[in-house]
Amino acid sequence: MSAAAARSARRLIAVGARLAEVPFVPEIRLHQADEPFSVWERTEKAAGREGLPPPFWAFAWAGGQALARHILDNPALVAGCRVLDVASGSGLLAIAAARSGASLVMAADVDELAVAAIIANAAANRVHVMPLLADLLDGDAPAADVILCGDAFYEQELAERMLAFGTRARARGTRVLLGDPGRAFLPARGLTPVATYEVPVTRALEGMTAKKATVYEVAEAGC
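Each residue of the sequence shown is one higher than the one before, starting from 3 at the first, in my numbering.
If you are wondering where the hints come from, they were derived from the structure by calculation, not from laboratory data. Note that the Cβ used here is the ideal one computed from N, Cα and C, for glycine as well. There's no promise every hint is true.
[Unchecked claim] Ranges between beta-carbon positions, derived for each pair:
no. : residue 1 : residue 2 : range
1   : GLY175    : ALA206    : 34 to 44 Å
2   : ARG31     : PRO77     : 28 to 38 Å
3   : ALA173    : ASP137    : 33 to 43 Å
4   : ALA81     : GLU157    : 27 to 37 Å
5   : ALA173    : LEU21     : 32 to 42 Å
6   : GLU29     : GLY82     : 15 to 25 Å
7   : GLU208    : SER105    : 27 to 37 Å
8   : ALA22     : THR169    : 12 to 22 Å
9   : ALA125    : PRO28     : 15 to 25 Å
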């Protein structure tokens with residue numbers, strides 16, 4: 003992303019969202035929106051064009067909140083490790099890993115606004131995160147000891163690619179941790195539940211005020 007594009011993206015982040023504590027992880031603040039449609043409209047209007055990707059970056063999704071809580075409460079999972087947060091969105095998991103002592107934290111997303119949000123959110127939390135504007139799911143991940151992902155099983159193709167990516171990483175000895183609140187395409191096999199949390203959510207996103215979210219491990223591996 004060019005410097006000019008990065009400045010433009012940061013401006014759109016400020017237009018669409020406000021900096022606030024994450025409900026289940028109040029140690030972390032993110033640029034968040036109150037509901038999805040108005041933030042989408044505002045950012046498209048500010049950008050002067052339609053067709054922007056859905057603003058997944060503007061919300062702390064239930065699966066991500068559960069996994070972030072789990073990491074902060076169990077920092078040994080990532081302390082001293084190289085960590086990759088894939089399909090990062092807001093960068094919540096990357097920030098949790100950085101706060102928990104990871105030696106290197108990367109956060110990858112395919113959306114330029116998400117990458118801008120990752121940069122802005124990392125700065126707001128005074129941690130260093132390496133942003134990656136990239137789709138990594140069809141290849142091998144950058145060298146990492148731990149891979150994190152929250153809420154990636156809401157769409158079949160993405161779910162299949164994410165599981166394949168995690169399985170390849172597991173075969174190389176990488177620990178893969180996922181957070182998910184029972185999305186439609188969560189795999190029935192191949193994941194070991196580690197912990198379950200009752201996560202506060204908004205009716206605008208989930209149609210309820212709390213949602214049960216589980217942390218899964220694709221395989222046991224250490225760094």
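Taking the Cβ atom of ALA173 and the Cβ atom of LEU21, is their distance within the range 32 to 42 Å? holds (40 Å)
For the hint 28 to 38 Å, verify it against the beta carbon of ARG31 and that of PRO77. violated (19 Å)
Starting from the hint 33 to 43 Å, judge whether the C-beta atoms of ALA173 and ASP137 obey it. violated (20 Å)
Has the hinted range 15 to 25 Å been met by the Cβ atoms of ALA125 and PRO28? holds (18 Å)
Taking the beta carbons of ALA22 and THR169, is their distance inside 12 to 22 Å? violated (36 Å)
Between ALA81 and GLU157, does the C-beta distance stay in 27 to 37 Å? About 33 Å separates the Cβ atoms of ALA81 and GLU157, which means 27 to 37 Å holds.
Given the range 15 to 25 Å, decide if the beta-carbon distance of GLU29 to GLY82 lies inside it. Distance hint for GLU29, GLY82 holds at roughly 20 Å.
Has the hinted range 27 to 37 Å been met by the Cβ atoms of GLU208 and SER105? Roughly 35 Å apart at Cβ, these two residues keep to the hinted range, so it holds.
Go ahead and decide if the range 34 to 44 Å is satisfied by the Cβ distance of GLY175 to ALA206. Taking Cβ atoms as reference, GLY175 and ALA206 lie about 41 Å apart, which means the hint holds.
Consistency with the previously given hints fails for numbers 2, 3, 8, ordered from lowest to highest.
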